[in-house]
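Asker: Protein sequences appear in the order of chains H and L.
Per my numbering, residue 25 is the first one in the first sequence, and the count goes up by one each step.
Per my numbering, residue 112 is the first one in the second sequence, and the count goes up by one each step.
Please note that a few of the clues may not be correct.
[What the hints assert, rightly or not] In the DSSO-like style, the derived pairs of lysine-lysine whose C-alpha atoms are separated by at most 30 Å in a straight line are: (1) 284/L x 347/L; (2) 186/L x 120/H; (3) 401/L x 168/H.
Hints listed in this document are in silico derivations from the structure and should not be mistaken for laboratory results.
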Amino acid sequence: MENPYLPIKTEVLDVIEESPAIKTFRLKPDTPLHFKAGQFIEMSIPGKGEAPFTPSSSHYEKDKLEITIMKAGRITSMIHNLKKGDIVGLRGPYGKEYPLPEFEGKEILLVGGGVGLAPLRALFLALTHDIEKYKSVLFCCGSKTPSDIIYKDCVLDKWQSLDKKRIKFRVTVDRKDDSWKGNVGLVTTTLDKLDINLKNSVSIVCGPPIMMKFATFKLLEVGYKPEQIYLSMEKNMSCGIGKCGHCRLGNFYACKDGPVFRYDKINHIHEIWD
Amino acid sequence: MDSYFINKPNLDRLVKSLSKAYKIFAPAKSDNNRFYKKIGEDGLGDSVIGEIRAVEPIKSFYFPARTKIAEYFSKEGLDKTERPIAIIGAKSCDLVSFKVMDYVYSQELFRDPLYVSKREEGLIISSDCTLYGETCFCVAIGIMPYPTEGFDINLSEMEGGYLAEAGSSKGGKIIKEYFKLFQGAEPYAQKRDSNRKKLKENLLEHVKKSRIPPKDSIQPAFKGKFDSSLWEEVSKTCVECGACNMICPACHCFILMDQKKEDGFERLKMWDSCLLMSFARVAGGANPRKLLAQRMRNRIDKKFNFFPDTIGRFGCTGCGRCIEACPGKIDIREVLSKL
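Okay, chain H solo, but in the shape it has when bound (with noise of 0.2 Å):
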């Protein structure tokens, strides 16, 4: 029997400055983890812990894999300090993945906040793979200061001139700089005036509980059903494997019926936006 808890000895293979806080690690397992966007994976330090991300690269890259992780407690701040060639341990991959063949044929609304644009940078790379497939792609981002935007050269430049006639961004920060030209506000002050036929379409939203409380209530307002709102809840996965008991929401483990969660198969859990 495969022992679950057992994980894959893996190599930093090289570590990306994304912001102050927020850093992204290319990362090669001994034996490749194939995780679809969505799907998360346990990353530990040997000996020390270990803590949920969900992969930011894309899923058809098939032996490396990259995870973007913001310094936010004690794991955190020792991945934070790994360099290229260190070794980790990764688990995985866990969890539902976000359903691509529900989105075929629709207008897709991506809303991201801070460090939850990394799912949302699997996702998007999965959908430009094959972006026939969709009518369309807006990517709404939100960070807090021009220098919190990550994957800033794809998100300011590289993607915006992918497929200009499908794909558009909206890029917003709540407190502009000098050096910023661009929207000021909150990321659901992007949700504004949207050019998308709301029958046909989807949104995805990934960010920090408030933030994804606040997109969530500002996209019903805006005509989105429950059934078209899909979000990642990000609890206290700890196995990973729905055993643990930790990230349990309801009568759900976020770890293994989510993280991806379509928004009326959980809106009458209480305590899903703490």
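Chain H is already provided as a structure; the job is to place chain L on it using the hints.
Answerer: Only chain L this time, still in chain H's reference frame:
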């Protein structure tokens, strides 16, 4: 299933013989409590087969409080040189707790290899309760004080010996192999049924004063009390020690912990408590259950709302251990009565 009678000296012979293949544990009395004790070639000695459940929950044997579950990055299986475990004298409430544990640890997609192998290789010789404790309330939530399923062999104590019933093919095989130690069940079967009936009636009378709602109205009542002040009231004397979680045979939550060892790193799996502040906290400090009252409600929610929905039964066995363990005198029977 087939039943036979086995007298006390013959049970002792059986246990002695089984001790060659199994690491056997049976409860023994100390003051007014029963604690599991390892049984060797000396046989059952002062073991107590009947009476009531032991103090320790049976999960301790299959999912120990602290176990090594992996070694970085070794693919080799964990040490399995130990003999499989046999428990003698497990009670109905202990067996019911396996319904929860098996669901959590043996279900696909991911099976817990250590738990699964211990369960598959282990042997359970359960027994009827012949007494009830002050905190026992199994019958109030639909569990009988005698095993009805989940055992390999069950023993019902009566004068001079036990009525032994096989509950699995493993148990049947053992009876067949040691057939000369057993004799016909007549006239003991009738006596067993009347003993069971009497104990059940006495226990029903005992739990009456707790005013626990009827079994089928517990979950709906809980749902109606979600936003009630009850949770704050109940948690007033909770000191967040986690004793109720540790001692509960159906509490399955654990925490993974990594540590350094001489020549590498190892991962431990340790019992965890949902009443502790850090239980649901995520990196960065967000915590869906910051308040103790929320965590108290969560504990009851898991047992009387989540498990009925997921496995069709409570995540509580009515064993009353948490009542005895709580330094704040929180009584789950009282909580249920206030729903």
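Asker: Given the proposed pairing of residue 186/L with residue 120/H, does the C-alpha separation stay at or below 30 Å?
Answerer: holds (26 Å)
Asker: Does the alpha-carbon distance linking residue 401/L and residue 168/H stay inside the 30 Å limit?
Answerer: holds (26 Å)
Asker: Is the straight-line distance between the alpha-carbon of residue 284/L and that of residue 347/L 30 Å or less?
Answerer: violated (52 Å)
Hint 1 alone, counting from the list given before, is not met by this structure.
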